[in-house]
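> So the sequences go chain by chain: U, L and R.
Be aware that the first sequence starts at 1, since it is given in the working numbering, and climbs by one per residue.
Be aware that the second sequence starts at 1, since it is given in the working numbering, and climbs by one per residue.
Be aware that the third sequence starts at 1, since it is given in the working numbering, and climbs by one per residue.
These are calculated hints, taken from the structure and not from any lab test.
What you are looking at is a predicted structure, and each value in this text was computed from that prediction instead of being measured.
Careful: at least some of the hints might be erroneous.
Claimed, not checked - Calculated lysine to any residue pairs in the SDA-like style (CA-CA distance at most 25 Å, straight line):
1. Lys266/R <-> Trp198/L
2. Lys110/U <-> Arg249/L
3. Lys214/U <-> Thr19/U
4. Lys173/U <-> Gln136/U
5. Lys287/U <-> Tyr313/U
6. Lys214/U <-> Gln136/U
7. Lys266/R <-> Phe70/R
8. Lys287/U <-> Asp261/U
9. Lys110/U <-> Ser197/L
10. Lys214/U <-> Phe232/U
11. Lys214/U <-> Lys173/U
12. Lys214/U <-> Tyr225/U
13. Lys214/U <-> Asp261/U
14. Lys266/R <-> Asn282/R
15. Lys110/U <-> Phe206/L
16. Lys287/U <-> Arg338/U
17. Lys180/U <-> Thr202/U
18. Lys110/U <-> Arg203/L
19. Lys266/R <-> Arg203/L
20. Lys214/U <-> Ser69/U
21. Lys287/U <-> Ser307/U
22. Lys266/R <-> Trp202/L
23. Lys180/U <-> Asp168/U
24. Lys110/U <-> Trp198/L
25. Lys266/R <-> Leu98/R
26. Lys170/U <-> Gln154/U
27. Lys266/R <-> Phe201/L
28. Lys214/U <-> Gln97/U
29. Lys173/U <-> Val248/U
30. Lys110/U <-> Arg251/L
31. Lys266/R <-> Leu113/R
32. Lys266/R <-> Arg249/L
33. Lys110/U <-> Thr255/L
34. Lys214/U <-> Asp168/U
35. Lys214/U <-> Leu201/U
36. Lys266/R <-> Trp106/R
37. Lys266/R <-> Thr255/L
Stated by the list, open to error - Pairwise CB distance ranges (calculated):
38. Arg180/L <-> Gln28/U: 47 to 55 Å
39. Gly59/L <-> Gly174/R: 18 to 26 Å
40. Pro235/R <-> Phe35/L: 56 to 64 Å
All C-beta atoms in this analysis are idealised placements derived from N, C-alpha and C, irrespective of residue type, glycine included.
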Amino acid sequence: MSDTPAIELRDVIKRFGETPAVDRVSLQIGDGEFFSLLGPSGCGKTTTLRMIAGFEYPSSGEMLIHGRSMATIPPHRRPVNTVFQSYALFPHMSVEQNVAFGLQMQRLPKQEIAPRVSEALELVRLGHLAQRRPNQLSGGQQQRVALARALVNQPEVLLLDEPLGALDQKLRKEMQLELKSLQHRVGITFIFVTHDQEEALTMSDRIAVMNQGKVLQVGSPTEIYERPTCRFVADFIGETNFIDGEVVESDGGYSSIVTPDGLRLRGLAPRTLPAGSAATLSIRPEKLRLTTLEQAGPEQVAALPVSVELVSYIGSDTRITVRLNEQRTLDVWEQNRRSTLDRNAYWQPGEQALLFCPPDNALVLAE
Amino acid sequence: MSQTANRVTTPAIERGRLTWSGVSLSLHAVLIYLFLYLPILVLIIFSFTRDAFGVRWTGFTLDWYVRLFNDERLMGASVNTLLVASVSTLVSTILGTLMAMAMERYQFRGREGVEALIYLPVVVPEIVMAVALLAFSALVFDLINALTGQVLRRNLTTVTIAHIAFNMSFVVVVVRTSLRHFDRRLEEAAADLGADSWQTFWRVTFPLILPGIIGGALMAFTLSLDDFVISLFLSGPGTSLLPVEVYSRVRRAITPEINAISTLMLLLSITLVLLSQLLQRRR
Amino acid sequence: MRLYWPSEQGSAASSSCKRTKEECRLAFDLIERTRVQRDRRNLMALLLPGLLWLLLFFALPLLIILLYSFIVSGPRGNLIWQATVGNYTDLFTRAIYLNAYLRSIWISLLTTLICLLLGYPLALFIVRQPPHVRTLLLFLVLIPFWTNFLVRIYAWQIILANNGLINSSLRALGFAPIQLLNTEGATLIGLVYGDLPFMVLPLYAAIDRFDFTLMEAAADLGASRRQAFLRVMVPLTMPGIVAGSVLVFIPTLGQFVVSELLGGAKVDYLGNLIQRLFLRSNPPNWPLGSAMAIVMMLLLLAFILWYFRISREEDR
Chain U
1 MSDTPAIELR DVIKRFGETP AVDRVSLQIG DGEFFSLLGP SGCGKTTTLR
51 MIAGFEYPSS GEMLIHGRSM ATIPPHRRPV NTVFQSYALF PHMSVEQNVA
101 FGLQMQRLPK QEIAPRVSEA LELVRLGHLA QRRPNQLSGG QQQRVALARA
151 LVNQPEVLLL DEPLGALDQK LRKEMQLELK SLQHRVGITF IFVTHDQEEA
201 LTMSDRIAVM NQGKVLQVGS PTEIYERPTC RFVADFIGET NFIDGEVVES
251 DGGYSSIVTP DGLRLRGLAP RTLPAGSAAT LSIRPEKLRL TTLEQAGPEQ
301 VAALPVSVEL VSYIGSDTRI TVRLNEQRTL DVWEQNRRST LDRNAYWQPG
351 EQALLFCPPD NALVLAE
Chain L
1 MSQTANRVTT PAIERGRLTW SGVSLSLHAV LIYLFLYLPI LVLIIFSFTR
51 DAFGVRWTGF TLDWYVRLFN DERLMGASVN TLLVASVSTL VSTILGTLMA
101 MAMERYQFRG REGVEALIYL PVVVPEIVMA VALLAFSALV FDLINALTGQ
151 VLRRNLTTVT IAHIAFNMSF VVVVVRTSLR HFDRRLEEAA ADLGADSWQT
201 FWRVTFPLIL PGIIGGALMA FTLSLDDFVI SLFLSGPGTS LLPVEVYSRV
251 RRAITPEINA ISTLMLLLSI TLVLLSQLLQ RRR
Chain R
1 MRLYWPSEQG SAASSSCKRT KEECRLAFDL IERTRVQRDR RNLMALLLPG
51 LLWLLLFFAL PLLIILLYSF IVSGPRGNLI WQATVGNYTD LFTRAIYLNA
101 YLRSIWISLL TTLICLLLGY PLALFIVRQP PHVRTLLLFL VLIPFWTNFL
151 VRIYAWQIIL ANNGLINSSL RALGFAPIQL LNTEGATLIG LVYGDLPFMV
201 LPLYAAIDRF DFTLMEAAAD LGASRRQAFL RVMVPLTMPG IVAGSVLVFI
251 PTLGQFVVSE LLGGAKVDYL GNLIQRLFLR SNPPNWPLGS AMAIVMMLLL
301 LAFILWYFRI SREEDR
């Protein structure tokens, strides 16, 4: 593997009219990485991908593929290929002709094209449908043709623009695994655009979370989920409880906040926050612990007395809303580890309980 | 064509319940179709009658068709008409397709003006266009005469130029529709796979809008074949076109020979409309 | 299959990062400018040939008759280059021209109305058929639409002539023949016959988009069938009604073939007058004919603008 990143973006800005769609994005994507651009619609992730593909040119900033500047290179001369959101298969060509198209454009001899096309079709297990037209295929099959059509050109980087968006839930899960294993086999850098956080977490080596044209955080799925650096990322990925307050104390990587209703909570602080500044404590519902009053043992953490308000049983988990006081409720998820029909094994609305918020599970984020 | 979901009201007869409105609607439709097709049928039938006035049935004959093919004036006019239609179709299809691409793909200043100029020939009555072109050609010929001393006459070329001008608008309209339905991402996909803009056009865009272009060409060809008004004003002496020739004969009398040539023109039109429908079906 | 593509350019690391900001900006400007220039060149290549053709062989001729309509016609039909509005005052003061306008507008409106009354139920009937029948019925409307107008009008001569189909049938049944050809009634039949497809096709498109559950909703709210039709269906299919009316009105206003072949050219319509002034009368009077054509075009433009206003209101 070379030490030059496969893709590098330096301070890339793309404006449509006055508003920047992509705002000073800098990224380095390594060779062989499965990299996702994740964000809500309109966050600039697709525009970023289209600039890498060459369909849009940056308004300013630089873009390099393996160290080469792409400023003057049109899409058809770039060493990247794209799997389009709606696949964009040529409706007037057979599956085979679609896959051969890129190789024909490279003016490869016929005897070289044919074996590579069938290899690529075998790779996505579509060899038997080579003569079909795209409109005779199912959504999942079309998706695989689009993959084969891009991969057959042996691109340095494969760009995927929400390629699973049009598939139903079950097929989606299947294709996620298939894509991931395909990437392992071919070893090409994949850049994957999605708005589905679960999809990004499942598949990626690293994820860049984007919002309003900016990259907010880049990191591994675990980092993104466990150590979000800002409120947006914590909110967008998974679910969380936010508790707003004011920093009263910071020491050794931890901060404490006090809320207007008098709660004092402690959590990990990625950055040292000065006392007196506004901050938010974020804690994921599955990381809160709820016990009955009797079970309360000698704990390190102060227990908060709460009353159970809502209980939803969803099979794997039970989701509980607890009330701390007049103004505040929090969500707590408990895994149903034990199989039982005993009513008493589950929380009931109205029950009194104790809530524990372990500082190592909570994050204090600057506003 | 369209979804059947909102088609809640089915014909009364289908629901097994006869209503007055259902019956009268069907009856009305039958009568209208009779009204539309009776004259055409009559025309075809009376092209095979022995009656020399072509208005009564006195027995079957193919004489009129034989005579038709020996009628040099009519045959000459037919050849002229086909020639004008072919050339004007070819030129107007090329120019119209290019224009449609420009209108669909580019933003530029004065776009509304060009748009209006394209649609105007569709809505201006034929006779206005005909007299305008007549006046224009007379003026140009006078100028040429004054400058070079050459005497020019209106001929097939003047008719062809005029036909191109009004056919082009129809081609633009038809081709634009198919361009609008064309998914631009297919062009991006082609570029992504290494095709330059020339290859992208010929390998992807052109084959996919071809049905639209052929549809436009068929429309232009039909309009050109059918055109009588502009042909009347712009064809010179000795360069007769079929509709003009038919018109001048019809004004004198009905003859079975005219019935026969009309029948043939009808068959040609029906062939063309069938072709265009087939193309639309394939899309 | 080795799909992994090793990077040969890996070592040719980015010299570009040493560029100053200013250099980068200039480079961007240059790239952008060439891109814009190439776009403009492509646009010109696509647009210009057709545009020039339309300007030269459509717009310019229209301007010429506009010019002609303001000059004097000489005694031998020659053009005298002297400015005048006399042609226009003639049109609006002399009965022969004024009547031609009124007659043309009247018969065009009448034709449009009859086409609408005949076409709406037909379009409704077609929409309510199962899909394959609908395609066939539409196709049957399309055929006349594509068929030579002159030939279709001529066919009526055979039917209406004094020794034609109707009169010979009457005679065979022992009735006295009646004059059918060369009457204004014959002109009207010919016009309706010629233009009916232009009315049915847009009406079909509009009714096809109409959601028929709205009729049931109206009935549910207490509207009679007639009220539901007038208050719900007609307003919602108005764009089709107006489009069809424009398509029928335009060719009818300028026609002269039908009134000559079926009406026997007994009365003057606009088209007949213009044709005569340009081609037949001795001497010809091109300035007057041009003025007639210009006024006719203005009438139509007014009609079309009105149409666009209505259809835009419907969109809202």
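> Indicate, hint by hint, whether the structure satisfies it.
Hints, one by one, checked against the model:
1. Lys266/R <-> Trp198/L: Not satisfied, since the Cα-Cα distance of roughly 60 Å exceeds 25 Å.
2. Lys110/U <-> Arg249/L: 63 Å, violated
3. Lys214/U <-> Thr19/U: 13 Å, holds
4. Lys173/U <-> Gln136/U: 23 Å, holds
5. Lys287/U <-> Tyr313/U: With Cα atoms ~18 Å apart, lysine 287/U and tyrosine 313/U stay inside 25 Å; holds.
6. Lys214/U <-> Gln136/U: 40 Å, violated
7. Lys266/R <-> Phe70/R: Distance ~30 Å between lysine 266/R and phenylalanine 70/R Cα, so the pair is violated.
8. Lys287/U <-> Asp261/U: 22 Å, holds
9. Lys110/U <-> Ser197/L: 23 Å, holds
10. Lys214/U <-> Phe232/U: Holds, at roughly 12 Å.
11. Lys214/U <-> Lys173/U: 29 Å, violated
12. Lys214/U <-> Tyr225/U: 19 Å, holds
13. Lys214/U <-> Asp261/U: 34 Å, violated
14. Lys266/R <-> Asn282/R: Satisfied, since the Cα-Cα distance of roughly 19 Å is no more than 25 Å.
15. Lys110/U <-> Phe206/L: 24 Å, holds
16. Lys287/U <-> Arg338/U: Distance ~18 Å between lysine 287/U and arginine 338/U Cα, so the pair holds.
17. Lys180/U <-> Thr202/U: Answer holds: lysine 180/U to threonine 202/U is near 9 Å, not above 25 Å.
18. Lys110/U <-> Arg203/L: 17 Å, holds
19. Lys266/R <-> Arg203/L: 59 Å, violated
20. Lys214/U <-> Ser69/U: Within the cut-off at roughly 22 Å; holds.
21. Lys287/U <-> Ser307/U: 18 Å, holds
22. Lys266/R <-> Trp202/L: 57 Å, violated
23. Lys180/U <-> Asp168/U: Judged against 25 Å, a Cα distance of about 18 Å means the pair holds.
24. Lys110/U <-> Trp198/L: 21 Å, holds
25. Lys266/R <-> Leu98/R: Answer holds: lysine 266/R to leucine 98/R is near 16 Å, not above 25 Å.
26. Lys170/U <-> Gln154/U: 29 Å, violated
27. Lys266/R <-> Phe201/L: With Cα atoms ~57 Å apart, lysine 266/R and phenylalanine 201/L exceed 25 Å; violated.
28. Lys214/U <-> Gln97/U: 39 Å, violated
29. Lys173/U <-> Val248/U: Answer violated: lysine 173/U to valine 248/U is near 45 Å, above 25 Å.
30. Lys110/U <-> Arg251/L: 66 Å, violated
31. Lys266/R <-> Leu113/R: Given that 25 Å is the threshold and the Cα spacing comes to 23 Å, the pair holds.
32. Lys266/R <-> Arg249/L: Holds - the C-alpha atoms of arginine 249/L and lysine 266/R are around 19 Å apart, at most 25 Å.
33. Lys110/U <-> Thr255/L: 64 Å, violated
34. Lys214/U <-> Asp168/U: 30 Å, violated
35. Lys214/U <-> Leu201/U: Satisfied, since the Cα-Cα distance of roughly 20 Å is no more than 25 Å.
36. Lys266/R <-> Trp106/R: Holds - the C-alpha atoms of tryptophan 106/R and lysine 266/R are around 16 Å apart, at most 25 Å.
37. Lys266/R <-> Thr255/L: Answer holds: lysine 266/R to threonine 255/L is near 23 Å, not above 25 Å.
38. Arg180/L <-> Gln28/U: 47 to 55 Å: 41 Å, violated
39. Gly59/L <-> Gly174/R: 18 to 26 Å: About 24 Å separates the Cβ atoms of glycine 59/L and glycine 174/R, which means 18 to 26 Å holds.
40. Pro235/R <-> Phe35/L: 56 to 64 Å: Given range 56 to 64 Å: violated, Cβ gap about 29 Å.
Of the numbered hints given earlier, the model fails hints 1, 2, 6, 7, 11, 13, 19, 22, 26, 27, 28, 29, 30, 33, 34, 38 and 40; all others are met.
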